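**Student:** Listed below, chain by chain, are the residues.
There are 2 protein chains.
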Amino acid sequence: MKDYELTITKFLQRAVDLFSHKEIVSKLSDGSLHRYTYADAYERICQLAHALDDYGLELGDRVSVMAVNHYRHYELYFGPSCSGRSIHTTNHRLPEHHLTEIINEAEDRLLFVDPAFVETAEAVADDLETVEQYVVLDDEVPETSLDPVVDYESFIAGYDTEYDWPELDEEREFALCYTSGTTGLPKGVQYRHRRMFLHTLVHGHVDVFGVSENDTVMPVVPMFHVNGWGFPYSGTFYGSKLVLPGQHTSPEAVADLIAAEDVTVAAAVPTVWIDMDSYLESSESEPLESLDRVLTGGSAPPASLMQKFEEVYEAPIYQGYGMTEASPHLANTFETTQMQDLPDEEGYELKRKAGIPAPGAQIRLRTQDGEPVPHDGDTPGEIHARSPWLTDGYFKRPEANESSFEDGWFKTGDIGTIDEYGYLDIVDRIDDAIKSGGEWISSVELEISLIDADGVGEAAVIAAPHEKWQERPVAFVVTEDDSIDEASLREHLLETFPKWWLPDVFRFVDEIPKTTTQKFNKKDLRDQFIEEEGELPLEQ
Amino acid sequence: MKDYELTITKFLQRAVDLFSHKEIVSKLSDGSLHRYTYADAYERICQLAHALDDYGLELGDRVSVMAVNHYRHYELYFGPSCSGRSIHTTNHRLPEHHLTEIINEAEDRLLFVDPAFVETAEAVADDLETVEQYVVLDDEVPETSLDPVVDYESFIAGYDTEYDWPELDEEREFALCYTSGTTGLPKGVQYRHRRMFLHTLVHGHVDVFGVSENDTVMPVVPMFHVNGWGFPYSGTFYGSKLVLPGQHTSPEAVADLIAAEDVTVAAAVPTVWIDMDSYLESSESEPLESLDRVLTGGSAPPASLMQKFEEVYEAPIYQGYGMTEASPHLANTFETTQMQDLPDEEGYELKRKAGIPAPGAQIRLRTQDGEPVPHDGDTPGEIHARSPWLTDGYFKRPEANESSFEDGWFKTGDIGTIDEYGYLDIVDRIDDAIKSGGEWISSVELEISLIDADGVGEAAVIAAPHEKWQERPVAFVVTEDDSIDEASLREHLLETFPKWWLPDVFRFVDEIPKTTTQKFNKKDLRDQFIEEEGELPLEQ
Numbered sequence: 001m002k003d004y005e006l007t008i009t010k011f012l013q014r015a016v017d018l019f020s021h022k023e024i025v026s027k028l029s030d031g032s033l034h035r036y037t038y039a040d041a042y043e044r045i046c047q048l049a050h051a052l053d054d055y056g057l058e059l060g061d062r063v064s065v066m067a068v069n070h071y072r073h074y075e076l077y078f079g080p081s082c083s084g085r086s087i088h089t090t091n092h093r094l095p096e097h098h099l100t101e102i103i104n105e106a107e108d109r110l111l112f113v114d115p116a117f118v119e120t121a122e123a124v125a126d127d128l129e130t131v132e133q134y135v136v137l138d139d140e141v142p143e144t145s146l147d148p149v150v151d152y153e154s155f156i157a158g159y160d161t162e163y164d165w166p167e168l169d170e171e172r173e174f175a176l177c178y179t180s181g182t183t184g185l186p187k188g189v190q191y192r193h194r195r196m197f198l199h200t201l202v203h204g205h206v207d208v209f210g211v212s213e214n215d216t217v218m219p220v221v222p223m224f225h226v227n228g229w230g231f232p233y234s235g236t237f238y239g240s241k242l243v244l245p246g247q248h249t250s251p252e253a254v255a256d257l258i259a260a261e262d263v264t265v266a267a268a269v270p271t272v273w274i275d276m277d278s279y280l281e282s283s284e285s286e287p288l289e290s291l292d293r294v295l296t297g298g299s300a301p302p303a304s305l306m307q308k309f310e311e312v313y314e315a316p317i318y319q320g321y322g323m324t325e326a327s328p329h330l331a332n333t334f335e336t337t338q339m340q341d342l343p344d345e346e347g348y349e350l351k352r353k354a355g356i357p358a359p360g361a362q363i364r365l366r367t368q369d370g371e372p373v374p375h376d377g378d379t380p381g382e383i384h385a386r387s388p389w390l391t392d393g394y395f396k397r398p399e400a401n402e403s404s405f406e407d408g409w410f411k412t413g414d415i416g417t418i419d420e421y422g423y424l425d426i427v428d429r430i431d432d433a434i435k436s437g438g439e440w441i442s443s444v445e446l447e448i449s450l451i452d453a454d455g456v457g458e459a460a461v462i463a464a465p466h467e468k469w470q471e472r473p474v475a476f477v478v479t480e481d482d483s484i485d486e487a488s489l490r491e492h493l494l495e496t497f498p499k500w501w502l503p504d505v506f507r508f509v510d511e512i513p514k515t516t517t518q519k520f521n522k523k524d525l526r527d528q529f530i531e532e533e534g535e536l537p538l539e540q
Numbered sequence: 001m002k003d004y005e006l007t008i009t010k011f012l013q014r015a016v017d018l019f020s021h022k023e024i025v026s027k028l029s030d031g032s033l034h035r036y037t038y039a040d041a042y043e044r045i046c047q048l049a050h051a052l053d054d055y056g057l058e059l060g061d062r063v064s065v066m067a068v069n070h071y072r073h074y075e076l077y078f079g080p081s082c083s084g085r086s087i088h089t090t091n092h093r094l095p096e097h098h099l100t101e102i103i104n105e106a107e108d109r110l111l112f113v114d115p116a117f118v119e120t121a122e123a124v125a126d127d128l129e130t131v132e133q134y135v136v137l138d139d140e141v142p143e144t145s146l147d148p149v150v151d152y153e154s155f156i157a158g159y160d161t162e163y164d165w166p167e168l169d170e171e172r173e174f175a176l177c178y179t180s181g182t183t184g185l186p187k188g189v190q191y192r193h194r195r196m197f198l199h200t201l202v203h204g205h206v207d208v209f210g211v212s213e214n215d216t217v218m219p220v221v222p223m224f225h226v227n228g229w230g231f232p233y234s235g236t237f238y239g240s241k242l243v244l245p246g247q248h249t250s251p252e253a254v255a256d257l258i259a260a261e262d263v264t265v266a267a268a269v270p271t272v273w274i275d276m277d278s279y280l281e282s283s284e285s286e287p288l289e290s291l292d293r294v295l296t297g298g299s300a301p302p303a304s305l306m307q308k309f310e311e312v313y314e315a316p317i318y319q320g321y322g323m324t325e326a327s328p329h330l331a332n333t334f335e336t337t338q339m340q341d342l343p344d345e346e347g348y349e350l351k352r353k354a355g356i357p358a359p360g361a362q363i364r365l366r367t368q369d370g371e372p373v374p375h376d377g378d379t380p381g382e383i384h385a386r387s388p389w390l391t392d393g394y395f396k397r398p399e400a401n402e403s404s405f406e407d408g409w410f411k412t413g414d415i416g417t418i419d420e421y422g423y424l425d426i427v428d429r430i431d432d433a434i435k436s437g438g439e440w441i442s443s444v445e446l447e448i449s450l451i452d453a454d455g456v457g458e459a460a461v462i463a464a465p466h467e468k469w470q471e472r473p474v475a476f477v478v479t480e481d482d483s484i485d486e487a488s489l490r491e492h493l494l495e496t497f498p499k500w501w502l503p504d505v506f507r508f509v510d511e512i513p514k515t516t517t518q519k520f521n522k523k524d525l526r527d528q529f530i531e532e533e534g535e536l537p538l539e540q
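Top to bottom, those sequences are chains A and B.
Per the UniProt record's numbering, the very first residue in the first sequence carries number 1; after that it's consecutive.
Per the UniProt record's numbering, the very first residue in the second sequence carries number 1; after that it's consecutive.
No wet-lab data here; the hints were simulated from the structure.
Quick caveat, the model's predicted, so the values are computed rather than measured.
Some hints could be false.
No copy labels: a pair is met if it fits in one copy or bridges any two.
Cross-link-like lysine-lysine pairs, in silico, DSS-like; alpha carbons within 25 Å at most [what the hints assert, rightly or not]:
1. 2 to 396
2. 308 to 499
3. 411 to 435
4. 468 to 396
5. 2 to 411
6. 2 to 514
7. 468 to 514
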């Protein structure tokens, strides 16, 4: 044992020692607000830990949680982990066979489930080999075939509201989360106390997200999705007021909650902010007045949206770049000295990028052959990452570890460029990039440009097999305007790209299929295109 | 070896990867400014590491440095440490026999010395048992008896400007610093890579010092004094422009440098800011325009000074509480949500305190018998501290470790109170507190009140032995005004304190003796008083 182990128990202790009076507010399924303090939460977390002891859960055992963002989910972030167990957060939108596989692989012994997801749990329950007990996150058990089942309030009721937290080894797992890859089975990432301690320290940085005691933090991003990007932990460590929106993530609901609770920091994927902009355009009110900054990630928001949030709503968008394997944070945008001297347009061009590696994170670019790529802002390479909070390997996947790690660096599968000042730009996924005649064409850059064209709603670009060039781009476009045709789009793209980058085929569709995490499902698109068209011929 | 060791080498690599164009500016002994970039510094740090290899310095060996703040001292912060050696920073103002003892105890093999301190080195050289080589921090060697001796530029000249830094164990010592206790021999504190990594992560926090790439950071505090409070490290990790003032620490020189280099953050002990205020009062210029915040520590600044810096100079003072053993940071003031709602006067009353423990640091209060003390803002107790960057024990002092550590907590020897919101207030040193009839009288509180009286320049209060009460306070006062007498001071103190707190004796003196770190030398005062007066009689 070290003289000070870096464990997430320290977050909880700091909150209750220094900020016990600060609030955690949850919007419940019936739309009502539940509010209590860190002191209240702490007592129930202690009760939960005692209940797990009493149940017979051993050190290192795991529990599943299938829930949206609310105070009981928050309690589950600490009760199991701080008492030496691990919480496996599951995405209820996964295909059923994925859910079954990951819960069985994780050997979860209890499953905590929101009333709204009881049906999902019922659908997989027969195939769950290790789950012994279901706990419904409510004060009563609904009509259900789950068995044995108990409600959460009864589960923790009557236990002592103090707990003697064990000194845990900082390399102990405190949580497990699976990547929702678009190809193949999800892969588990074990989160370890030390790594989340360091990840959380970085969240408080003025050049990262600057999470502060002064903030009211609302993770709209689901708590089952990569530690809710870490905000439930950093909010706790820094004593921020926390606002948990439950399933109420529509623009109107998010805007109302921001206004009602004076939220200063809200974190969500770009689509939430795109929809928010549309909503605000049609609304008379100014609900974002308290909002100081917007944190987003997962994919790059349009530069126009970033400018609008900064200049009109006065809540600048900060980009984060990360991934499940990295807890998730690796890099982020912030206004550097250099940017302050740039004209607006160039400044937004930099802010649109993935940003600067966070303190402790390191990024390098490599060719497919493993050679270094120059940091010229132009030459793309695969992004390799290191950081003291990045995973040390996938759970029970030695073959994936073999291919994903090299000299202590994690091969992210993302393709990027780095400019002379260290700004990282994500150009593509290796899986999505189009290898045309030995060169890479970025499907992402084509998509961004297509969406920028007037009258285009959505656009996805895939790699179609080609008999000469190996692969060529094919575009799927959702239009909002009948005047859009292939000729006008080709003309639009030619303003930015060389002729050989232009898609060989444009398909106009009503919608683009999405994955459970609302990314374009390019795998489905590609499979379907190949089934229908086969290999593209030479003369296209 | 871990997959990512928390070493200070990461600071250097980040600076050169991302902020290579940012500047380090040093004011040299002749008053001229030396400026170069992190890229330039990096090349010379690599050369220095090669020079140490070539010299035959082994992993773990130590070098002494006796220097003020400038770029060569900065290079010595990284070259030895990142190549696996350790830098022992020495305070040239120590008594000669202390210097000899600590350099011998540390077994330093090289001694790097400023030309200005060559005489000091010469005075002790005959007694240094392990120093083999002197290196003068200049481009030529002055007339000196030091032998063998070489100038720094010749020492590093010609070596490769790249270096393959070793992967070091994060618990390896990178620096050694001795406490300058007012009683007894200095005790050495070994700083370890992991601990400074964590200390530095906390420096970037918006609720701590918020060190940012946007900042221009000037440590006025000497770099031989507890890692320059950590600013040379945090400035590097976050890519701040660094300004090193050399020996030019007069109010006028500091003000000029702030203005010339657009310094945003300056760190120095309170006396610097007290003198700065007097200087600015008599000056026509407004040199602090760029200054965003002032960091201070070591002793509490007067509330009136804090208010003036915030409201007149628009550079609020943030208090830090720490010590050599803690690298040094433990707690700091910041504007919490609660303070925003308080009237000005109460707000400044909180800002004057030592503040809130930094994320990861923990503070508790204990009675002399080891019993918990309530957090009521009123009851004093000894401050015990834990943090992941606090030392794990004194260097070669098993008996001091025995008495200074308890259950993993460090007994600071400071007496404090903690209020219900966790604000720590330093009331006294255990050594300085006056034990009168079983109660503690705070010498520090009496001093603060005396200084607040019109016409009082300095005031020190000591504990004099008393035949009945065990100890009683005696005040030494420097007046700026002939109208001040004992009666007026007693009247002034009675506005705040009970009668039994008032000093039994007031002595009006021309000056108060100071230690080498500019603290009141209460030990000398006390020894002299006892020699002259003996035990105080009953009727006083």
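**Student:** All hints, please: hold or fail.
**Tutor:** For each hint, the structure was consulted:
1. 2 to 396: between (28 Å within a copy, 20 Å between copies)
2. 308 to 499: neither (31 Å within a copy, 65 Å between copies)
3. 411 to 435: within (19 Å within a copy, 64 Å between copies)
4. 468 to 396: neither (40 Å within a copy, 73 Å between copies)
5. 2 to 411: between (31 Å within a copy, 18 Å between copies)
6. 2 to 514: The answer is neither: 47 Å in one copy and 39 Å across copies each exceed 25 Å.
7. 468 to 514: neither (30 Å within a copy, 84 Å between copies)
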